[in-house]
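This is what each chain is made of:
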Amino acid sequence: MNWLDNNILTLITFAPAVGAALLMVFPRRHRDIRVFALVISLLTFVLSLHLPAHFHRDQAGFQFDTKVQWITTPNIHYHMGMDGISLWLVILTTFLTPLCVLISWTSIHERVKEFFILLLILETALIGVFVALDLFLFYFFWEATLIPMALLIGIYGHGRRVYAAVKFFLYTMIASVFMLAGILWLYANTTPHSFDFVDIQNAMRQGQVANFAGAAQWLFLGFFIAFAVKVPLFPFHTWLPDAHVEAPTAGSVLLAGVLLKMGTYGMLRFNLGLFPEQARANAWWVAILALIGIVYGALVAMVQPNMKKLIAYSSISHLGFVVLGIFSFTQAGLNGAMFVMLAHGVSTGALFMLAGIIYERRHTYEISEFGGLATPMPKYSTFFLFILLASVGLPLLNGFIGEFLVLSGAFQAKIWWGVVGATGVIWSACYLLWMYQRVFFGVVKHEENNSLPDLNLRERVALWPAAIMALAMGLAPLLWLNAIDPAVHNALVPFTQFMSKVVSQ
Amino acid sequence: MPLASIVETPGSSDYIGILPEIILSVFGMLIMALDPVMDERRSQRTLGGIALAGSIVALVASFFQAHWLTSTGAPGLAFWNMIKLDAFSVFFHVVVAAVTILVILSSYEYMEVQQIRAGEYYALIVFGAVGMDLMSSAMELVLIFIALEISSIATYILAGFRRRSAISSESSLKYFLLGSFATAFFLYGVALIFGATGSTSIAVIGKSLQQYSGNGHGPMLAYIGIALMFVGLGFKVAAAPFHIWTPDVYEGAPSPVVGFMSTAPKAAVFAVLLRIMFEAHAPGRVLLIWIAAALSMTIGNIAALVQDNVKRLLAYSSIAHAGYLLVAFASLPANGIPAAMFYTASYAAMNVGAFAVVGHFAGAGERYVTIEDYAGLGKRSPLLASVLTLFLLSLIGIPITGGFFAKFYVFSAAMQSNLIGLTIVGVINSAVAAYYYLRIIVFMYMREPRQEVPVTPVPMGLGFALGLSLAITIYLGVQPTRILDYAQKSVELLR
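Those protein sequences? They're chains A and B, same order as listed.
Residue numbers for the first sequence follow the numbering used here, beginning at 1 and rising by one.
Residue numbers for the second sequence follow the numbering used here, beginning at 1 and rising by one.
Just so you know, these hints were derived from the structure itself, not from any lab.
Mixed in with the good hints there might be a few duds.
As the list claims (entries may be wrong) - Under the rule of at most 30 Å between Cα atoms (straight-line distance), these lysine-lysine pairs were calculated in the DSSO-like manner:
(1) B:LYS207 with B:LYS489
(2) A:LYS67 with A:LYS167
(3) A:LYS67 with B:LYS379
(4) A:LYS167 with B:LYS207
(5) B:LYS207 with A:LYS113
(6) A:LYS167 with A:LYS113
Please work from the sequences and hints to get the whole structure.
In structure tokens, the structure reads:
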């Protein structure tokens, strides 16, 4: 068992990549390509279940540690490990990927093999981002997510796919080079030179990072801009609606479900973990941007005629909650931020799957093309309503818990943050329910919608897990939160020290 | 007094010092001797084979040199201290030999398609390699000048080898005229340095300039001399503001030759620059290179953004890459030299590979070289397209390719030398650069194919060359430790 604990993260990270390599030797027209991709992604999911089963929930530090010297000069380690923050994000990734395979079963019919290869490579890179503890390794995986995602959008997307793919690529690439500069600066000024997150953190605590006081603000900003574009935080969000609308369904699911969380994860891990004091000092304007994102995203979502674009803007609003929670610097706020990340991953992922299902039947996302769908597609509309209510934040479903915690954290930090943030909950009810009403209620306006087939077995199999998860997370949030709580507490420790320092002066 | 007592006769260690050069010269002369007596139509492959054999033997000889150095612990000085064989020069010998092999392999089919029948093509490549090898081990400015001329003259002629095309002749002439002008600058710089220090030996120059390195004020003459030498060498590596010739010359020259002259002579000139800048303690180095590096990166990348001809695009990209490389030169020697060496090697692998694909795809008369011609290549020739994609990703600097580590080391070295401004200019540039490489990938995979562009199967020689350069690119991206350790070690021996 010990061997497994030491190598489990490597196994989980690279299992999809191995699967992708095996897929490469498959004959191009082989009909089992999809089955094979599904088996690989399920296998990865099963492997990843080892993590919560053997995770010590009362410990805050990194577990399942693997650390091997990869390159001697510069001092780069293959260092992987996870705490309560990354644990559930890895599970989220492995949970969503099989669903993505299922949902792309028939909607992808050209270059099928390449599609699943890209999907599996993307999964490897995403897991790698969450478990890498060496800044170099982190950057390696971070950049590695770009190519498969851009290709998924650019090759398999809809009308303006090339524009969307290039925009996505350039936005994230340009922003992340500032983080690269920051990483290199940290390496150069830490004694002894290291890219290791834990080493650098220790060196900072002991004041062994040269010239840190002068550079800290710039370093904070360098990391922050890379993450803010990924989240995306207002005003860096313009790539997101394009990417979402043009992406194939599986791409959207992973984009909203996991890729955006890379940004908020990065803020939590690096902005808070490495530059706690700067994070505190900059919190006021970050929170304002987050609040603008919450309200602006919701308002823009309300007027969208395109279903997928509406869901994309709702993501901007929801991710605003996450950033607000992180920069509230309260236990509740951070717990809530983590929980919103997971809940949003499940429910928005499922919403994109639902949008993809209707697109496969009607080849449009325009809300005005539908109406009265509840009559021909009762199962579909039931699923849609359930997931939508989870996303709105109905109590007993997953969205509620996270938003509630974030808002209670925001109220503790500054009353008006909480007040403005709380309006976001109302807005989300407005735009989602109004969209539901226009799509599903009333009489069938367009003749062709009368004969739409309801969900088939494969689609139901893809949707049930997400629905069950939405309910389970709403009913028993502690199952997730008790692993998150110690890690979040740990992330806040430097602040409490900072606070006591201020008080004692 | 008899001559023998004044000048000692060269011994075997002297000849080992220039072993690859000797081998390459012999093979080159063999090709020249056989070319007139062989049947013109059938001689191509034989002569190419001889050149290939010669460069493989030269590669082996370089490894032997490395082995000889470590096993005997010899100082490696040869021919009255004009040649210094050390781990550093062996590294560049290997790079030059590897590039030569790859270029010869990818030339076979190219020459047939272009209907160029000339055995001296291969001889010139081999002779050029002699000059480049000599440059990387020369410790004497006059010898460096001679070696520079050997390699330059070979590349001037090679650039004009598509004789039926006016643009190729223009390329050759332009390269020749501007190149000789630049060499004159270099020579003038040598003269001034001789005036300032009284020697043309890098070791002696280094000693006499070292006394100024503390307070940073050398004699004015040395400043000017170094600057003039930098003009000459900067021209050869296509660094801004001496880059104007690059796009025109690269556009006209045969593609495999562009792959050759954008990598091997550059590597050799960078070796010379490393020696002059670091071993000779060049004064005013950081500011001079700071400006050239920032200019090269910015001009190269911005101009590449608007190119529609793939060869011109890659020409501007090579200006930008010279800029990234120069960033390493502005850094402290301990970090900068290994970074520059690693960059040279990985850039050579990916650029030769990219130009080999371009050359194959261009077809007879190099007709298909615009980016429009690449539309739908991903569907029509999946293998070739995926190989080119990997080279382009490496040029962008995406993980698991050599280009990623190369950029990473260079910027890391600059950061460790506290060159924060230059690092930021560099990283922003490398993000901008992603756009134009990506554009080619977008055309290949996301556009509908154009039927009039022919797609021919990949012949064996080219396939081998591509496989080899791809393997090196990926190897450097996954396991860079060995090469980097070697580079690091060779720097320690330099001092």
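Each hint, compared with the structure:
1. Proposed proximity of LYS207 of chain B and LYS489 of chain B is supported: the alpha carbons are some 22 Å apart, at most 30 Å.
2. With a C-alpha separation of about 36 Å, the suggested pairing of LYS67 of chain A with LYS167 of chain A is violated against the 30 Å cut-off.
3. Our distance criterion of 30 Å between C-alpha atoms is broken by LYS67 of chain A and LYS379 of chain B, whose separation comes to about 42 Å.
4. Annotation: proposed proximity of LYS167 of chain A to LYS207 of chain B is violated, straight-line Cα distance about 54 Å (limit 30 Å).
5. Our distance criterion of 30 Å between C-alpha atoms is broken by LYS207 of chain B and LYS113 of chain A, whose separation comes to about 63 Å.
6. A threshold of 30 Å between alpha carbons decides the hint, and for LYS167 of chain A with LYS113 of chain A the separation of about 25 Å falls inside it, so the pair holds.
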